[in-house]
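One letter stands for each residue in the lines below.
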Amino acid sequence: MRRTLPTLLLSLTFALSAVAAQAHTGLAEGGFVSGFTHPILGWDHVIAMVAVGLWGAFLGAPAIWALPIVFPMVMAFGGALGILGVPLPAVETGIALSGVVLGLLVAFAVRAPLWVAGLIVGIFAVFHGHAHGTELPSAANPLAYGIGFVLATGMLHLIGIGFGFLTSSRGGRIAVRTIGALIAAMGGAYLAGIA
Amino acid sequence: MAAQAHGFGAMETPVQALTSGALALGVYPETLLPLLALGLWLGFCGGVRRSALAILAGLGAGVLLAPFAPEALAMLSLMCGTLVAAGVALAGPRLPTQSAQPVAALTITFAISSLLHGQGFDSLPVGFVAGVMGAALLAVVAPSALAGALLRGGAAWRPLSVRIAASWLTAILVLVIAFSLRPV
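If you read the sequences in order, they're chains V and U. Last residue of the first sequence: 195 in the numbering used here, with the numbers rising by one and none dropped. Last residue of the second sequence: 184 in the numbering used here, with the numbers rising by one and none dropped.
What the hints contain is simulated information worked out from the structure, not anything from laboratory work. All of these numbers come straight from a predicted model, not from anything done at the bench. Be a bit skeptical, because a hint or two may be false.
[As the list claims (entries may be wrong)] Derived CB-CB ranges, DEER-like:
#	chain 1	residue 1	chain 2	residue 2	range
1	V	I40	U	W157	17 to 27 Å
2	U	D122	V	E135	43 to 53 Å
3	U	V126	V	L119	49 to 59 Å
[Claimed, not checked] Below, a sample of chain U positions facing chain V; criterion: calculated Cβ distance under 7 Å:
#	residue
4	A89
5	P93
6	L160
7	S161
8	R163
9	W168
10	T170
11	A171
12	V174
Glycine is no exception: its CB is placed at the ideal position from the N, C-alpha and C atoms.
Please take these sequences and the hints and turn them into a complete structure.
Shown next as structure tokens:
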């Protein structure tokens, strides 16, 4: 946790300079393809999902499996809130902030306790899920959409974990931390409204 | 309030009835998804064979209770499936083995009753009910066998993969519940 303070300060700086990110376009159809493409067509979502996997890999066991298990379930809860029209403030800001925070956590190789990691990831998962749920096409086929949506999200986590295995070598750790910094920068760009 | 029974495919011949019964399972997520979740649960609790009696009891109870089942049972089945899937995702190898039988009986009863709710005992051909039961068994046995095969090895990723599958199943179930509750 020794690098938590600078990470949080940087996150706060980005958060205070935030404007709403506009990365979601919504989709016209509501089947498997729509559900599958929804999480992977928005870069703000993609970077956060990958960052979850990367951070999990950095934290090692048990976080490497706990985070990808927790995230889809909590995200689906957020999605349910969105589908049911339950309002959640600052969703787009929360999504962009997730890229910043998770990216910085990876970049600074922050070693958080499992419950702290789960809490951080869980909170951001609600924002991501809510955005997806809100933008859902009204004619969606629930089962097909749900399967596509969850599979795409899970695959993004697995990609992150796959890259995270690079952390076993010194060069790999540098590469992963660089990816974390890039993710944080992209999240910052969304927060600032320039992406 | 009178329950609105599901409509099913053609049942003019025994083969058509059997096929319609088997395919019906895939059409209604409130039946299919909880059964898949149950399969994963049983995978961690010694497999289907240990709970064979409970499974058969659940199938029988599901068919017998279906004529009296309210439409809301579909939601109950989805919620039951969500709890089962979430339990597998969160507890995994720590699931108590003795939980397998009650969980199996309850989940299958809800799933089958919700599929056949509102149908009288004489309104569906025997072939159709047999198709439903066969497909329901397959929906439990297949994921259980797959999970059991995965869990046999010692590598850490094996139970992890089953728990991730359960986590994804939980997420799908939660979304389906939300869709079902969404105001039109």
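Hint-by-hint comparison with the structure:
no. : hint                        : in the structure
1   : I40/V / W157/U: 17 to 27 Å  : holds, 24 Å
2   : D122/U / E135/V: 43 to 53 Å : holds, 47 Å
3   : V126/U / L119/V: 49 to 59 Å : holds, 54 Å
4   : A89                         : holds, 5 Å
5   : P93                         : violated, 12 Å
6   : L160                        : holds, 5 Å
7   : S161                        : violated, 9 Å
8   : R163                        : holds, 6 Å
9   : W168                        : holds, 5 Å
10  : T170                        : holds, 5 Å
11  : A171                        : holds, 4 Å
12  : V174                        : holds, 4 Å
Figure legend: structure checked against the earlier numbered hints; hints not met, in rising order: 5 and 7.
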